[in-house]
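Student: Residue numbers (my numbering), protein chains in the order written: chain A, 1105 to 1474; chain B, 1264 to 1477.
No lab work stands behind these hints, which were simulated from the structure alone. These numbers come from a predicted model, not from an experiment. Treat the hints loosely; a few may be bogus.
As the list claims (entries may be wrong) - Negatives, chain A to chain B, calculated, CB over 12 Å:
no., residue
1, Ser1147
2, Arg1244
3, Ser1273
4, Glu1327
5, Pro1329
6, Tyr1330
7, Ser1336
8, Ser1419
9, Gly1434
10, Thr1471
Unchecked claim - Pair ranges (Cβ atoms, derived):
no., chain 1, residue 1, chain 2, residue 2, range
11, A, Val1435, B, Ile1306, 51 to 57 Å
12, A, Gln1382, B, Pro1313, 35 to 41 Å
13, B, Ser1367, A, Glu1353, 44 to 50 Å
14, A, Ala1249, B, Arg1308, 43 to 49 Å
Every residue, glycine too, gets a C-beta built ideally from N, C-alpha and C.
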Amino acid sequence: MDMRQITRRRFLELSVVGATGLAATGVVRARTAGGQSEPTPASPMSTKRLERFAESIVSGGPPKDGIPAIDDPRFVPAEDMDYLLKPEDRVFVLHYRQEVRVYPQLVLVWHEIVNDRVAGEQLSVTYCPLTGSAIAFKGRAPDGAPLTFGTSGKLVNSNLLMYDRQTDSQWPQMLGQAISGSLGGTILEEIPLSWTTWERWKAQGVSAPVLSAQSGHLRGYGEDPYGAYAGSNQGYYGNADLIFPVLDENDRFEPKEVVIGVKVGEDRLAIPKEAALQKDAWNLTLANQPLVALRDPALESVGVFSRQLGNQTFSFEGRDGDSLQDQDGGVWHQVGPVLEGPGGERLPSATFYDAMWFAWYAFFPHTQIA
Amino acid sequence: MALSVSGQILAQALRRSRLRLIALAAGLVYLLLYVYSLGHLVIDRNVTVPGETPAFVAVPDWTSKSFERVGGVSFEPIAALYLAPGLTLFIAPVNLLIGATLASLIALNVATAAYALTVARSCRRLPWTGLLGSLPALLTGFVCCVPTVALVLGANLALAIISVQMFLLPVSLASLVISLGWNIRRARKELVEGSISLSVFESGNVGLQRRHGQ
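Could you put together the complete structure from these sequences and hints?
Tutor: Dropping the structure here:
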């Protein structure tokens, strides 16, 4: 058992994540309190840019709710999903406050949205297969009213266009901001999800509930109509062809190469995932915000964290593959969604998610590249 | 009278056991193709259910879900029959009804086309082109799996199909009805031109009594 397994278990068993907003990255302003410092959240886009997105809406084929969201999710122990999931199948792991939940891609690909309640809060876990983006949102309107989401059947930049059931405002998933309706301009709070495989997740030995295929609908769970993330026949995921039009294109990377998209204020950063997986720690700066892209070797996922605590900025490097070392020799560990320092200091995650390069660029053509 | 004659020609065509078998086989094949195109007949070992097969699973709120549209003219499955490992049938009643209607029209088209051929005075080609009208309906279900269509047919064609998806089923139905009418008309013409007494035919003595030896 490596250190990351220990720390992950510690996170679960001791509920070490007690402070507010540890996983919630879309907090209104940067702050330093209680020994932690949260990165500046994403800023809303201008109305003019939102209008451009609204004008580019296209039909994806199904009607509204033709891809039905899961509104009454059921969770089961991991061993109850072994009949369906193969070792290489993808799962998305959510850490939110004291809770950890696992959402299999092979279930989400048929529904794209799970309206869930986690730690007593309304959370919607979303996945768009066309753009390879999985993001959890806090379902909360500016007035505090809960929001739940459905699929509009439409796309923007090939990305899932959600609508909220309370106001019918439309929200492109990767934007996380309403582009039409009475909530137009409103930005949702995003919570990162970790991509990993079923095999790697189970190897953690963590007893976390897994979204069941008992969704209230009947679908071909076990198959993915878009292709496969592993194997020789990857279908849509494995070729460079786009199906739906996008607003902006760039050939810096292959269209479907995965980048870690980071949002800080008005700035955007694309970190090539493959490159990030080659490093233990990648110290970066975006909008004067010191960040570190951190590889989780056990899950083969990449997370992005703040590396600033009050006025102190850390610079990290890998240490034995299990932990990080700052410039003063202090040893840090990833504990669920935070980095924990030698004195119990905690650095929270930034706003980030995995996505295909073409889609990230189409939404954020001014993006910086790591 | 025209309707009556058409009905008798249909009856005559279906009275022949060989034609009946061919028509039934064509209808069944089409129904299977239609259900497969919707993604409701799945041949994939990865699609499975906990426990042994065969297994039957139904959703509790099947009455309301039966009419929930999930694609162009594709409706929510309310039950699944896991027939064997790798073979699953999803049951959407509205789609089965549509599929059965299309399959019946296919069967009647095949039967009447073959019948028209048997009464033709000279060897002629079967009017199979009329069956092409059944193809658009097979695309009605594909819109639920746009990437699959795009991979096979290309993105442009997939997008074109999306834009006309609501018209595909009506076009198929209309084509098959027109084709059926054409086949009946052709058979009737052959019977008349072949000097078969229409009065004999209409009287029910429809044994294809040609006046030979003329």
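Student: A separate judgement is required for each hint: does it hold in the structure or not?
Tutor: Hint check:
1. No Cβ of chain B comes within 12 Å of the Cβ of Ser1147/A; the nearest lies about 33 Å off, and the non-interface call holds.
2. Consistency note on Arg1244/A: stated as away from chain B, and its beta-carbon is indeed over 12 Å from all of that chain's, at 28 Å minimum.
3. Taking the minimum C-beta to C-beta distance to chain B, about 23 Å, the non-interface status of Ser1273/A holds against the 12 Å cut.
4. With a cut of 12 Å on Cβ distances, Glu1327/A falls inside the contact zone with chain B, its closest approach being about 5 Å.
5. A beta-carbon of chain B comes within 12 Å of the beta-carbon of Pro1329/A; the shortest separation is about 4 Å.
6. Not every beta carbon of chain B lies more than 12 Å from that of Tyr1330/A, the smallest distance being close to 5 Å; the non-interface claim is violated.
7. Every CB of chain B is more than 12 Å from the CB of Ser1336/A (nearest about 14 Å), matching its label as outside the interface.
8. Every Cβ of chain B is farther than 12 Å from the Cβ of Ser1419/A; the closest lies at roughly 43 Å, confirming the non-interface assignment.
9. Distance check on Gly1434/A: its Cβ is at least 47 Å (rounded) from any Cβ of chain B, clearing the 12 Å threshold; non-interface status holds.
10. Remark: the non-interface label on Thr1471/A is consistent with the geometry, its nearest Cβ contact in chain B lying 25 Å away (cut-off 12 Å).
11. For the hinted restraint 51 to 57 Å between Val1435/A and Ile1306/B, the CB-CB distance of approximately 54 Å keeps it satisfied.
12. A C-beta distance of roughly 40 Å is found between Gln1382/A and Pro1313/B, which places it inside the suggested range of 35 to 41 Å.
13. For the hinted restraint 44 to 50 Å between Ser1367/B and Glu1353/A, the CB-CB distance of approximately 48 Å keeps it satisfied.
14. Taken as a hint, the range 43 to 49 Å holds for the pair Ala1249/A and Arg1308/B, whose Cβ atoms sit roughly 45 Å apart.
Hint compliance for this structure: hints 4, 5 and 6 are not met, and every other hint is.
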